[in-house]
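S.K.: Let's have the full structure, built from the sequences with the hints guiding it.
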Amino acid sequence: MIRPLFAAAFITLALPAGAADLFAVAGDWVGEGSLSTGADKPMERGRCKVGVEQAEGAGDVAVKGKCVVAAGASDISLRLVRGENGKVRAGFWTAATDQTVQLAGSETAELIELFSTEPLMVDEKPYETWVKIMAPDAGSFAIQQMLRPEGAETWRMVVDMTYNQAEG
Amino acid sequence: MFSQWRFGRALASALARVRAGFSLLWLVFAALLVFGVTGATKVTFDDALLRFFRSDFPAYEEFLDVARDFESDSNDVIVLIEADDLADPTVLMAVSDFLLDAQFVDGVRAAVSPLSLQVTGADGEAEPLVPFPLPDRATMAARFDAERGGNAALRRLMGPDRNAMVAILPISDLDSDVQDGRANQIDALADLADKAEAASGATIRLSGYPVLRDRVARGLVSDVLLLNLVGAAVGFIVAVIALRSVTLGLLTLAGPLVSLVTSLGVFGHLGITVNTVSVTLPVLVLILATSDSIHISFERARQAGRDSKRATVRAVRRVAIACIFAGITTAVAFAALTLSRAEIIAELGRMGTLLILLSSFTVLLTQTLILGAAGHHPWFNEKFERLERRPPSGLFFVYLPRLALARPRTVATLGLIVLVVATVFYSQASPRYSILDSLSPNEPVIAAFRDIEEKVTPVSVLQVAVRSTDTEVISEVHDTVVRVAGSDKVQSLARLSRDMGGADEIPEALARRLVSEDGSRALVTLSFQYESGEQTDALAARIDAAIAANPALDGVEVSAATGLPVMTARVAAKILTELNRSLLIALAAVGVLITLWLRSIRVALISLIPNVLPVSLIGAWLALSGHGIEFANGLALAVAFGVAVDDTLHVLNRLRLTGGFSRIGRTRLREALDEATPALVTTSTVLVLGMGGSIFATTKGVADFGTIAMSVYVLALIADLLVLPAVIAVFGPHKSPAPGRRN
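These protein sequence lines are chains A and B, in that order.
Read left to right, the first sequence gives residues 1 to 168 (full-length UniProt numbering).
Read left to right, the second sequence gives residues 1 to 743 (full-length UniProt numbering).
The hints are simulated quantities; they were obtained by calculation from the structure and are not laboratory data.
For each residue, glycine too, the CB sits at the ideal point set by N, CA and C.
You can take every hint at face value.
Reference listing, derived: stretches of chain B covered by chain A, where coverage requires no fewer than 3 residues with Cβ under 8 Å from a Cβ of chain A: (1) 93-105; (2) 111-119.
One side only, chain B facing chain A, incomplete, derived with CB under 8 Å: (3) GLU125; (4) ALA126; (5) PRO128; (6) PHE132.
M.R.: Dropping the structure here:
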């Protein structure tokens, strides 16, 4: 069963090749990489397919899609909003737990970083999450998501995925 | 006089007033045609795999009760993946791609496969059984082999030689109930399988009940087209040959085609789906209407020399009673099915009764109008006069009545002996049913089913529900099932919880199959290799008995063994018994109808002999050959009996028209049969060959139905030409009627 934590990372999976284009893309994207289906579960091969729509003008992106691993799938939905002075806020929902989580962070030309603003509950335990979005080349972007129990020091990677525009 | 007789007379009278009423009849005809065409476009198809069993039998209600509380395996697409070595990274990558992409197909909720299993790694942490990046073949092979011995889940999903594995893709209920949605799902999965095959060289086949249902539903569409095209073509060709005219053949085909369209229109307008049971109904209507139409054409030829329109009306009037009565007897056979507790059989009975009666009316109306209208042309009478001068041949069948009347006692005695012996054997035929018999064994989905069971794991599931989630209670039921089945392929919450260190860790998709939504019931499931309905029923009965006799389970509410294979086996046995009962009811009802029609119980009883004989002979063959009575066979015997009576009725009608039944001398018997034989041979040829499309049917039920029905028709023709004259000659009335008594 897919747990909610890795779904948190999908808030950024629709990001374009450069941070400057972050809120300008639309269409279908496919992500390939590894996911973890639980806070202490091993990473396994995964794939995501999402559709991106610009909502109400620039700086407001709606993303809906689905992520799968060999054992199961989860629908996801998120909204990403650009604030002033390079700030970014996000809210996302996943069908796996029907839980909505808020994140906030900042963007630069090379990187977007988002941190959860409230505990992410996994198996009834609170966790913090940290999301990094990078653009290694013009046609793709990569996402990494880390997780740690609230108060812990070490982050554990739960998502490592690279997205490309879907064919057709 | 009973009502049908009056109806026939009334109809005949109505037709006799055609000079005044032709315009009105054309209006009725146009209305029927519009009704048919508009309804035919609305016809839908349904595999009815589960609806077939909807009934008030306890086994079905038990199944529903468990199905309401637990997720069922009946919506699982089962994928069989075969390769020389599944540890090959190229194969595993393609399989992984397939399983990931499959879950993006609408309605596919999850995937269960060896790739979804996790194992304990060298560091004591959980890790995927199939890690990524993939290791080389030797490493992966060693990993599979090492894990297999102690991992029951892997043993259920992968064969011992690493050359076959299964993946299970549960489909959501909502989508699987809609044929279009299901067809799209199966198509999408098949495309992905093709892609994975091309990438890896592995063989990937889809199976499971959703695939079976999809194939059956698609097969129904092609079967309906095939059956009716062959039926219409055969009707036309036989009519052309018998009537020695392409034009007359075309005219003969008008009524049957209008009957067919009208019948499909009834399906469409009433919103009743064409399913595995009713799929043969339209073609039955078509060939019976063709038979009636040919009788009308033959009679029209006998009326040559009269004014064209009067000759047509007179021909229809003379044949109408027999046609209507033949329709009624066939309808009676269908009506007997309405008594079934199985919804779909009762529906077939209602539709059959309605359509056969409607068809009788439609073909009489249409042929009256078509032959009446064509009668304006000079060529029309010439063709019928030519036919009258050179009447159709009864081929070698004409010798059968002559043989019967040359040695009536011998033939009658032999006929009766064969009837008694065949009936005794028929009564020994046991009901048979297999859900996999919906399609031919050569169908890919069926072959994949068999291969999965042979190469990887049994996929048929027997379920026992326990009103408790106490692991000790569940374990007791679990152990009882293991003991009775002699198999370790038993799954329950208790065992999984123990193996996985706590119920919280059980994947949700699996948990929904083992614990009810409200948490009050648990399910113990046994995977077993399905062989037949009897084997399944016997296994279920042994488990029921062992649980009932287990003192540790006293006071615990445990359901009877159920699950799709158990329910279908138990309900099928009941339905098949009902079909036999329907046949007996039809037999009695037809006897009563003939008695009322001819006012002679003696002739009625005599006339039943050649009609029971074919059914008993086929039933005896089914018993002796070990086929048993399957759904299609049982239905075919009941329906074909009703159809086969038609020939007898036309012989009796010929006797009625030539002097009645007070005294039947051999000369009159011979003359009646000489007249009737060509028509009977022709119409039987239509009946037999008209069902010929069933030989090529996709759905096995249609093929079986057609084979049995065709056999009955052939035997019925022989019985009517050989046994009927003999038994009438020996047991029929010979003396002159009492003074004052009229025929």
